[in-house]
Amino acid sequence: MAPGERSEEAWLWYTAVYEAIQEIPHSRVTSYGHIARLVGKPQCPRQVGVCLKNLPSPLPDSSKKSATFHSGNVPWQRVINAKGGISPRGPSAASQQADALRREGVEVRQDAMGQYTVDFGEYGWFPDVLPSEAGLVESSDDEEAEDEAAYHT
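Letter by letter, the sequence shown follows residues 1 to 153 in the UniProt record's numbering.
Where hints are given, some of them may not hold.
[Said to hold, decoys possible] Below, in silico cross-link-like pairs of lysine to aspartate or glutamate (EDC-like), each with a Cα-Cα straight-line distance of 16 Å or less:
| hint | residue 1 | residue 2 |
| --- | --- | --- |
| 1 | K83 | E122 |
| 2 | K83 | E133 |
| 3 | K53 | E104 |
| 4 | K83 | E104 |
| 5 | K41 | D128 |
| 6 | K41 | E19 |
Calculated directly from the structure, the hints in this document are not laboratory data.
Nothing here was measured: the structure is a model prediction, and the numbers come from that model.
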């Protein structure tokens, strides 16, 4: 494997995380831990953060092919910590995330220490399953019910 290339397992993990984040509705936020749970690895919230840290920017030159997932098509700003706070990552990164959320209509507060927070009660998004998988779960339940009904008749 060449430097900078990901193993297939890592590629599958990054893909699952990015696809899950793409399902977060506009003007909603969720936690790193909830994304980890939705993709089947509830013990890996920090690794969700690593995925977002490594999310590339879209290429400015449209003649070149951008990465499949990038900050232009993965709403990274909608993932915050379990306390409803924007995790500080570097100079101005937290304020950029707060600004991106505000542009979506999310109310972001800043406390006296400079920590940005969002009210999960108002803006939180915590489904039991991803919307893209909800039909799959329901249909398998329906099939089981049909099988059971057929067995008892």
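Hint numbers contradicted by this structure: Hint check: 2, 3 and 4 fail, others pass.
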